[in-house]
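Novice: Chain order of the listed sequences is A and B. Okay, so the first sequence: first residue is 1 according to this note's numbering, each after it adds one. Okay, so the second sequence: first residue is 145 according to this note's numbering, each after it adds one.
Accuracy of the hints is not assured; some may be wrong.
[Unchecked claim] Restraint-style ranges between C-beta atoms, simulated for each label pair:
hint: 1; chain 1: B; residue 1: T205; chain 2: A; residue 2: G135; range: 30 to 40 angstroms
hint: 2; chain 1: B; residue 1: L150; chain 2: A; residue 2: F139; range: 33 to 43 angstroms
hint: 3; chain 1: B; residue 1: V188; chain 2: A; residue 2: L124; range: 48 to 58 angstroms
hint: 4; chain 1: B; residue 1: R191; chain 2: A; residue 2: V71; range: 32 to 42 angstroms
hint: 5; chain 1: A; residue 1: E106; chain 2: B; residue 2: R174; range: 45 to 55 angstroms
hint: 6; chain 1: B; residue 1: I154; chain 2: A; residue 2: V71; range: 41 to 51 angstroms
hint: 7; chain 1: A; residue 1: E52; chain 2: B; residue 2: R228; range: 22 to 32 angstroms
hint: 8; chain 1: B; residue 1: I265; chain 2: A; residue 2: T128; range: 38 to 48 angstroms
hint: 9; chain 1: A; residue 1: V141; chain 2: B; residue 2: R228; range: 49 to 59 angstroms
hint: 10; chain 1: B; residue 1: P226; chain 2: A; residue 2: V141; range: 46 to 56 angstroms
hint: 11; chain 1: B; residue 1: R238; chain 2: A; residue 2: L124; range: 19 to 29 angstroms
hint: 12; chain 1: A; residue 1: L124; chain 2: B; residue 2: G192; range: 28 to 38 angstroms
hint: 13; chain 1: A; residue 1: L124; chain 2: B; residue 2: D237; range: 21 to 31 angstroms
If you're looking for bench data, these hints aren't it; they were derived computationally from the structure. Quick reminder that beta carbons are idealized off the backbone N, C-alpha and C, glycines included.
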Amino acid sequence: MTGRARKLAKRLPETAGMLVAGLYALGWGFREVSLAWRLHRRGLRAEGLVVENVRYVDPDSSGPSWAPVIVFTDNTGNRVEFTPQAHGGGLGLSTGRTVRVIYLPESSQDARVDTWQHLLLPSLLAITAGLVFVGFVTFVVVNL
Amino acid sequence: MSFGFLFCLICGLAIWGVAFAVNRAASRLRREGLRAQGTVIDNVEVRGDSGREWVPVIGFTDNLGYPVEFSPSVRTGRKWPPGRTVKVVYLPDRPHAARVESWSELRLGALGLFVFGAMFIGAAIAIATGH
Numbered sequence: 001m002t003g004r005a006r007k008l009a010k011r012l013p014e015t016a017g018m019l020v021a022g023l024y025a026l027g028w029g030f031r032e033v034s035l036a037w038r039l040h041r042r043g044l045r046a047e048g049l050v051v052e053n054v055r056y057v058d059p060d061s062s063g064p065s066w067a068p069v070i071v072f073t074d075n076t077g078n079r080v081e082f083t084p085q086a087h088g089g090g091l092g093l094s095t096g097r098t099v100r101v102i103y104l105p106e107s108s109q110d111a112r113v114d115t116w117q118h119l120l121l122p123s124l125l126a127i128t129a130g131l132v133f134v135g136f137v138t139f140v141v142v143n144l
Numbered sequence: 145m146s147f148g149f150l151f152c153l154i155c156g157l158a159i160w161g162v163a164f165a166v167n168r169a170a171s172r173l174r175r176e177g178l179r180a181q182g183t184v185i186d187n188v189e190v191r192g193d194s195g196r197e198w199v200p201v202i203g204f205t206d207n208l209g210y211p212v213e214f215s216p217s218v219r220t221g222r223k224w225p226p227g228r229t230v231k232v233v234y235l236p237d238r239p240h241a242a243r244v245e246s247w248s249e250l251r252l253g254a255l256g257l258f259v260f261g262a263m264f265i266g267a268a269i270a271i272a273t274g275h
């Protein structure tokens with residue numbers, strides 16, 4: 001998500017880009033928080049297995065990253081495979097290890113890893129960054 | 145007490161705290177970590193500050209027999225020769241966070257942070273003593 005926001009910010013002139021990137025981060029963060037809340041209230045838990053770590057290179061980042069692929073069986077018996085949306089420092093998972101996953105019964109493909117780092121940390125960081133961006137733009141506009 | 149003094153003091157102590165945590169993690173890795181032999185399997189091109197840079201990718205097999213890949217945290221921007229073997233150390237429950245077992249890879253980060261924090265502490269002392 002940050003990659004897309006960063007690309008947006010690059011294409012637009014500075015303050016407008018920051019405003020759009022900030023609002024985008026806020027929107028994404030709040031959507032993730034609301035999903036975490038719905039998962040907390042009525043999500044189903046299952047045991048997932050990390051079957052692979054796929055290497056990918058974001059040209060803007062300082063090096064390669066690894067995205068874990070997690071497989072679990074949902075309540076209807078379907079085999080579901082997913083990759084956490086946010087990866088990076090502290091969110092890595094090792095191949096061959098089991099993790100607890102949580103999902104909504106109607107959309108098991110949109111599952112999440114059931115730890116607070118995976119459920120809340122990325123969205124809280126996005127909301128903080130969004131607030132800083134929008135706050136900075138407001139400050140600049142007010143002081144023009 | 146001036147704002148500058150407090151700012152430098154708090155920044156310095158916070159950076160020292162992080163340095164302490166980083167150093168303790170490295171010590172734990174040295175004490176409890178499992179050793180394995182890793183191989184340089186690839187070099188990934190990234191856009192660095194001075195143009196094109198390379199980040200090596202190291203592969204090894206963990207204690208459960210699963211393949212693991214990672215990149216060293218100390219980066220020089222130069223390629224590592226593919227096929228070269230390196231010593232790898234990792235905690236059994238977190239092989240994805242493996243490190244190359246060398247002084248620079250395990251201690252340099254903490255040392256750098258310590259020096260960086262010391263600069264803030266030094267500035268705080270300079271402000272407090274009026275120099």
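Novice: Tell me, which hint numbers fail for this structure?
Specialist: Going through the list in order, the structure violates hints 1, 2, 3 and 8 and respects the others.
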